[in-house]
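Chains as they are written, first to last, in my numbering: chain H, 845 to 1239; chain Y, 5 to 448.
Derived by calculation from the structure, the hints in this document are not laboratory data.
Be aware that one or more of the hints could be misleading.
What follows is a list of derived Cβ distance ranges for each label pair [stated by the list, open to error]: (1) H/Ser-1038 / Y/Ser-411: 54 to 60 Å; (2) Y/His-71 / H/Asn-1220: 41 to 47 Å; (3) H/Pro-1204 / Y/Glu-117: 44 to 50 Å.
Glycine included, C-beta positions come from ideal geometry on N, C-alpha and C.
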Amino acid sequence: MKKSISFGFLLAVLVAIFFACQDHAVDPGTGPGGTTGPGSGTGTMGPGTSSGVSIEASLTVTALMSNTTSTNTTCSGSTGLANVVCLTNAFLSTLDATQKNTAQLTYSLANAQKWSNLPAGLSARYGVNLASLTATQLAAFRNLMVAVLALHTANEGYDEMLGNLVADNVLYYAGGGTTYGAGNFYVSILGTPSTSGLWEILFTGHHYTQPYTFNGPSGSGYTPAFRGVEPTSVVSNTATGQSYQSMEQERVAFAAMLTGLSSGEQTTAKLSSTFSDIVLGPGQDWKFPTTKAGLRVGDLSTDKQKLVQEAIKLYVNDLDATTAASVLAKYTSELANTYIAYSGSTSVTAQNDYIRIDGPSVWIEFSYQGGVIIRNTPHPHSVWRDRTTDYGGTK
Amino acid sequence: MKQLFFPVSRPIGWLMVFLISLLATLLPDVAFAHPMPNSVVLLNVHANRIEAEIQIPLVELQAAYGHAVNDSSAGLIERLGPQLRAYLIQHIRPQTPDGRPWNVSISELAVQETQNPINGVYRELTAQAQLVPPVGADVRQFIFYYDVVLHQVVTHKILVSVRQDWARGQIADDQPVQVGIISLDIVNNRILPLNVNLESGSTWTGFQSMLKLGMRHIAEGTDHLLFLLVLLLPAPLLVHGGTVRRFSWGSFGGVRYSLIHLLQIVTAFTVGHSITLLAGSLGWVRLPSQPVEILIAVSILVSAVHALRPLFPGREAWVAAGFGLVHGLAFASTLANLQLDAGPMALSILGFNLGIELMQLVVIGLTVPWLILLSRTSAYRYVRIAGAVLASIAAVAWVIERITGQSNILTKSVEQVAGYAPYVLVVLALLALFFTRRMKQANV
Chain H
845 MKKSISFGFL LAVLVAIFFA CQDHAVDPGT GPGGTTGPGS GTGTMGPGTS SGVSIEASLT
905 VTALMSNTTS TNTTCSGSTG LANVVCLTNA FLSTLDATQK NTAQLTYSLA NAQKWSNLPA
965 GLSARYGVNL ASLTATQLAA FRNLMVAVLA LHTANEGYDE MLGNLVADNV LYYAGGGTTY
1025 GAGNFYVSIL GTPSTSGLWE ILFTGHHYTQ PYTFNGPSGS GYTPAFRGVE PTSVVSNTAT
1085 GQSYQSMEQE RVAFAAMLTG LSSGEQTTAK LSSTFSDIVL GPGQDWKFPT TKAGLRVGDL
1145 STDKQKLVQE AIKLYVNDLD ATTAASVLAK YTSELANTYI AYSGSTSVTA QNDYIRIDGP
1205 SVWIEFSYQG GVIIRNTPHP HSVWRDRTTD YGGTK
Chain Y
5 MKQLFFPVSR PIGWLMVFLI SLLATLLPDV AFAHPMPNSV VLLNVHANRI EAEIQIPLVE
65 LQAAYGHAVN DSSAGLIERL GPQLRAYLIQ HIRPQTPDGR PWNVSISELA VQETQNPING
125 VYRELTAQAQ LVPPVGADVR QFIFYYDVVL HQVVTHKILV SVRQDWARGQ IADDQPVQVG
185 IISLDIVNNR ILPLNVNLES GSTWTGFQSM LKLGMRHIAE GTDHLLFLLV LLLPAPLLVH
245 GGTVRRFSWG SFGGVRYSLI HLLQIVTAFT VGHSITLLAG SLGWVRLPSQ PVEILIAVSI
305 LVSAVHALRP LFPGREAWVA AGFGLVHGLA FASTLANLQL DAGPMALSIL GFNLGIELMQ
365 LVVIGLTVPW LILLSRTSAY RYVRIAGAVL ASIAAVAWVI ERITGQSNIL TKSVEQVAGY
425 APYVLVVLAL LALFFTRRMK QANV
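Make a model of the complete structure from these sequences and hints.
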């Protein structure tokens, strides 16, 4: 009897030890990792991997973003950069301490490079995602975006951005799941908003990235800006019934530019290589080719030059009118020394069709490529860069 | 292995620390996600040649090579095998640093479907290429001119990694080590070759790594260990019964009896698995792994039942040798998969087997003294029965897992519990000491 009692005691010890050990083993995995949120001074945090956003949250985002009338009343007295600073601060002031800590990072090239043409679930972004914002916070963000993007042009500027978010909602239903949708788009503010210092607004998600880098009197940069869309067919905003085809105008403009050329000009413009994607995508920064390829725009007739300019406009004119005008003036003055090149077909309808506009400053690539969620139908990836003002000139 | 240790007797403590840290250093560290739409070149470095596996996404190959290789990929190898080989040889051109070309040949070609989170499901062409340097040239240093697909599709990228390098102690079980990426030099619009400069290896490094692999195989091979331990459980005991009534386990048979018995069993197991390890590694015997794995689980069940009630008293050594043959086949599959040349293979078999024996000895050395101590006490009955019952449950769970091909709750918990083996050992030692002391007190 005594024996079995002590044996039972030892068994109990064994069991106790076993459970004690289990705690130790579980602890390291579930405890908070070494990387915490970026303090206003550090900004070196590792990006969190997105666990996905429900389609309801994404539909709420696009519904709330559909109103383009600014509700901001405190910044109306300012214009230009001062107005952007005011609206950015107004947005930041709506965030709670934790959100602000996540949304605002120090300005650095590494933080500015944290964009991709993949959904945030597959390539993590910094900042706060739109699904995590309250209606008030989202309105403050929207007030900022309607100020820095062009308004009231279908599928351009703010409308193009919104159409892109709506299309990403469609990808949720097309089999993409919670990795896709407007709620998975991120906004981060790098540095401290000011009219004199270096800082950036970075809005980035799956098929849309638009940075705004400001450096006071040293100038501003609005690239690298990524534009893509899937599906390429017409998508509808469930909140308003509004239809979008956010990149169709660009595709048509490139086709017009290429088919407008004589066959001799087409031969000069045609690249022998094949491009299954854009060359200067995310991560390929400051790698502009030394030698420009293709056809010099200055050697074309005025009407053909105009077609090139029309294509460029569809990128530059996404920005607010004042900003767009100054950028466009520079690109227009450099138009003669700008080159256009293409690969694939001139109608821009097939997979691996590719167009490049390479100027002294402007760099635009457009690639029609195979999709992952929607198979057997090509979709565009496109990037607008600037040889001097990418990332506001930060190298 | 991050758990804290309770204070235990010093030599054992240090031994356990040694074992645990050995395990920790052998665990693979970085996950290698198969990237796409890139090509992947995996190098298997031998003494005088490189076997390369090349994976080319068909969608990209079609853009470069045409022939609708992606759109009509069914029967592709039958349709275009010779042309594809010629194309590959034209675009895979390793050279010595002084510009002499290597010999390249392509053996197997296959089309397979693969997938990753970014690109979803896609089909790729896999090619096995043999890259042989000119006589006298170093296999570890070459200029890798490679532009399959890339010569035409300039957005394509080729990831080159070493998957196996025996002389550097790297085997295919480990994560591939990236050597570099071949892609367009965008700024200068050119394709540069990749300079491959692998650190030199040695026979000794290769041998050592195989020794470690053998040790790891036993340390991580819960099933092999469990078989041996359960077979050893009743080894110190005498057998009662025989012609008239059923056999049953009796009392302690003495230290000398126990040690001889143990030695016989362990030696028999070693002889058994060494035979099939050799035969299997050299390719003389090759059995599909599933039945082998199922048989191993059955072997645990048999020895567990034997520990409950003698099934084959006095013939444990023969059973150990017989099942040793089965376990050896599983060991052999590890080596056979490395596809080494004769020299390294011979050394690998030797090193791997030595590693297995070493780890086996360590485990036996740590366990058996306590088993012998315990077997002298009346409490051993419970330890033996508890051990045998737990092992039977694990064995049955493994049989089910290996037949269905799906892990179950039991096998998962066995793997978890195996992580706490040092604690179980500590408990065994405490039990042994406790009951020995009580027995001595009772005798006084």
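Quick rundown of the hints versus the structure:
Between H/Ser-1038 and Y/Ser-411, the C-beta spacing of about 58 Å keeps the proposed range 54 to 60 Å intact. For the hinted restraint 41 to 47 Å between Y/His-71 and H/Asn-1220, the CB-CB distance of approximately 19 Å leaves it violated. The hinted window of 44 to 50 Å between H/Pro-1204 and Y/Glu-117 holds, with their beta carbons roughly 47 Å apart.
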